[in-house]
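Chains A, B and C are the protein sequences, given in the same order.
Every letter in the first sequence is one number past the one before it in the working numbering, and letter 60, counting from 1, is 45.
Every letter in the second sequence is one number past the one before it in the working numbering, and letter 102, counting from 1, is 87.
Every letter in the third sequence is one number past the one before it in the working numbering, and letter 104, counting from 1, is 89.
Note that these hints are calculated values from the structure, not bench results.
Hints should not be assumed to be uniformly reliable.
One copy or any two copies: either way a pair holds, since identical chains are not told apart in the list.
To be verified - Straight-line distance between alpha carbons at most 25 angstroms, and here's what the computed BS3-like set of lysine-lysine pairs gives:
hint, residue 1, residue 2
1, LYS(-1), LYS20
2, LYS65, LYS55
3, LYS20, LYS0
4, LYS0, LYS95
5, LYS117, LYS65
6, LYS17, LYS(-9)
7, LYS(-9), LYS55
8, LYS126, LYS29
9, LYS65, LYS29
10, LYS0, LYS117
11, LYS29, LYS(-1)
12, LYS117, LYS(-9)
13, LYS126, LYS65
14, LYS95, LYS55
15, LYS65, LYS95
16, LYS20, LYS65
17, LYS117, LYS(-1)
Quick caveat, the model's predicted, so the values are computed rather than measured.
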Amino acid sequence: MSFSQKEIEIVSQKKGFSIITDVIIEQLSDIKNYKIGILYLFLKHTSASISINENADPTVREDLLNYFEKYVPENEPYYKHTFEGSDDMPAHIKSTIIGNNLTIPISNGKIELGTWQGIYLCEHRNNPHRRKIVATINGEKF
Amino acid sequence: MSFSQKEIEIVSQKKGFSIITDVIIEQLSDIKNYKIGILYLFLKHTSASISINENADPTVREDLLNYFEKYVPENEPYYKHTFEGSDDMPAHIKSTIIGNNLTIPISNGKIELGTWQGIYLCEHRNNPHRRKIVATINGEKF
Amino acid sequence: MSFSQKEIEIVSQKKGFSIITDVIIEQLSDIKNYKIGILYLFLKHTSASISINENADPTVREDLLNYFEKYVPENEPYYKHTFEGSDDMPAHIKSTIIGNNLTIPISNGKIELGTWQGIYLCEHRNNPHRRKIVATINGEKF
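Construct the entire structure; sequences and hints are all you get.
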């Protein structure tokens, strides 16, 4: 049984959903040594999220962005936490709705995503940010 | 310390929330050998979800379905990802809101759900689908 | 490699979001013995949630409460599960949106939260409740 841990830094793009599967896998070359295990991803921020969704058609990411812009709007009259900008409080809300931690199975040296699944970094602030993800691997090696 | 992993296939019912606790437990007879551990469930799809909610009154599942139909509607004017049908893009959005991965404690040979908790498979497409869940167990055996 | 597990009981405040990071850490003094690991938190209820969000400005918690009150409203005309009070069905919905399980990395004897992150107990019922969280630690000790 082995544990390993690494902090991965990704500079997000402006507000939106982007696929980071390849960046994550590239940084975690050790995964290939695990027969069975779990990859834990934990985002150390409260105005961004990580999620798993469609890895093919980019309009899925656009529609997700537009949905969350509409249903977690800026400038709601009851918002009190406004001093960091109108994009800040919606970012915190989206962070709690979408979440900041994932557990992905590892099987035969690879993460076991479905055919159409990709790992998303969801940037909820207007501008790009340096985002830190703690990646922990636990499992049984070959 | 032991790891085991199994893919479970469940044919979902039409759009809605259904309880799959018994199906999961039946397929994972090994759980009874673990004194302490974690059951990881990972759904390999982007238009369905897994969640934990009330295991008793079926109207909870009906109300959940109707809530999500209203608040993640079909045919929003800004949707671009529409070629797979009007139920497809809402399915992706619900998938990111509800999530596709769970970690459930194992204690003394059983999963440690609360009295009123059940595991849900949430089908977001109109029609039934074959849905695959990777179940991983990690823990200390008796 | 070691596993340990403990049930923590917290009496929630009335409906709202509160920070429980210190309560959790106090109850889990064993964390300091782990070099690498994961803390799993699992809430055994279907009308409350756990989440991670901003640990500083209390208006973030107020705005979260008000957002969810508006977007997961009481008394929707289609609700059928109403016999436990008008706050009950929205509580179940919020529970599925926000979730009841978290995985937090442990690194060098401490949980590895970002600077601005705190662990939240989200009470969705009007009145305080006794809420049980199963905390499991798995990792490599020093």
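Results for each hint:
For the homomeric pair LYS(-1) and LYS20, neither the shortest alpha-carbon distance inside one copy (37 angstroms) nor that between copies (35 angstroms) is at most 25 angstroms. In the homo-oligomer, the alpha carbons of LYS65 and LYS55 lie at most 25 angstroms apart both inside one protomer (19 angstroms) and across protomers (15 angstroms), since each shortest distance falls under that limit. Taking the shortest alpha-carbon separations for LYS20 and LYS0, neither the intra-copy value of 37 angstroms nor the inter-copy value of 35 angstroms comes in at or below 25 angstroms. Within a single copy, LYS0 and LYS95 get their C-alpha atoms no closer than 30 angstroms, and across copies no closer than 31 angstroms, so neither meets the 25 angstroms cut-off.
Taking the shortest alpha-carbon separations for LYS117 and LYS65, neither the intra-copy value of 27 angstroms nor the inter-copy value of 31 angstroms comes in at or below 25 angstroms. When the C-alpha separation of LYS17 and LYS(-9) is checked against a cutoff of 25 angstroms, the pair qualifies both within a copy, at 16 angstroms, and between copies, at 19 angstroms. Taking the shortest Cα distances, LYS(-9) and LYS55 never come within 25 angstroms of each other, neither inside one copy (36 angstroms) nor across copies (39 angstroms). In this homomeric assembly, LYS126 and LYS29 come within 25 angstroms of each other (Cα to Cα) only across copies, at 23 angstroms, whereas the closest approach inside a single copy is 28 angstroms.
For a Cα distance limit of 25 angstroms, the shortest separation of LYS65 from LYS29 inside one copy, 24 angstroms, qualifies, whereas the shortest one across copies, 32 angstroms, does not. When the C-alpha separation of LYS0 and LYS117 is checked against a cutoff of 25 angstroms, the pair qualifies only within one copy, where the shortest distance is 16 angstroms, while the shortest distance between copies is 32 angstroms. Proximity of LYS29 to LYS(-1) under the C-alpha cut-off of 25 angstroms is restricted to the intra-copy arrangement: shortest distance 18 angstroms within a copy versus 28 angstroms between copies. For the identical chains of this complex, LYS117 and LYS(-9) are intra-copy neighbours only, at 10 angstroms inside a copy versus 29 angstroms across copies, given an alpha-carbon limit of 25 angstroms.
For the homomeric pair LYS126 and LYS65, neither the shortest alpha-carbon distance inside one copy (50 angstroms) nor that between copies (43 angstroms) is at most 25 angstroms. For the identical chains of this complex, LYS95 and LYS55 are neighbours neither inside a copy (37 angstroms) nor across copies (38 angstroms), given an alpha-carbon limit of 25 angstroms. In this assembly of identical chains, the alpha carbons of LYS65 and LYS95 never lie at most 25 angstroms apart, being 45 angstroms within a copy and 32 angstroms across copies at closest. For a Cα distance limit of 25 angstroms, the shortest separation of LYS20 from LYS65 qualifies neither inside one copy, at 50 angstroms, nor across copies, at 40 angstroms.
In the homo-oligomer, the alpha carbons of LYS117 and LYS(-1) lie at most 25 angstroms apart inside one protomer (16 angstroms), although the nearest pairing across protomers, at 34 angstroms, exceeds that limit.
Checked against the numbered hints above, the structure breaks hints 1, 3, 4, 5, 7, 13, 14, 15, 16 and satisfies the rest.
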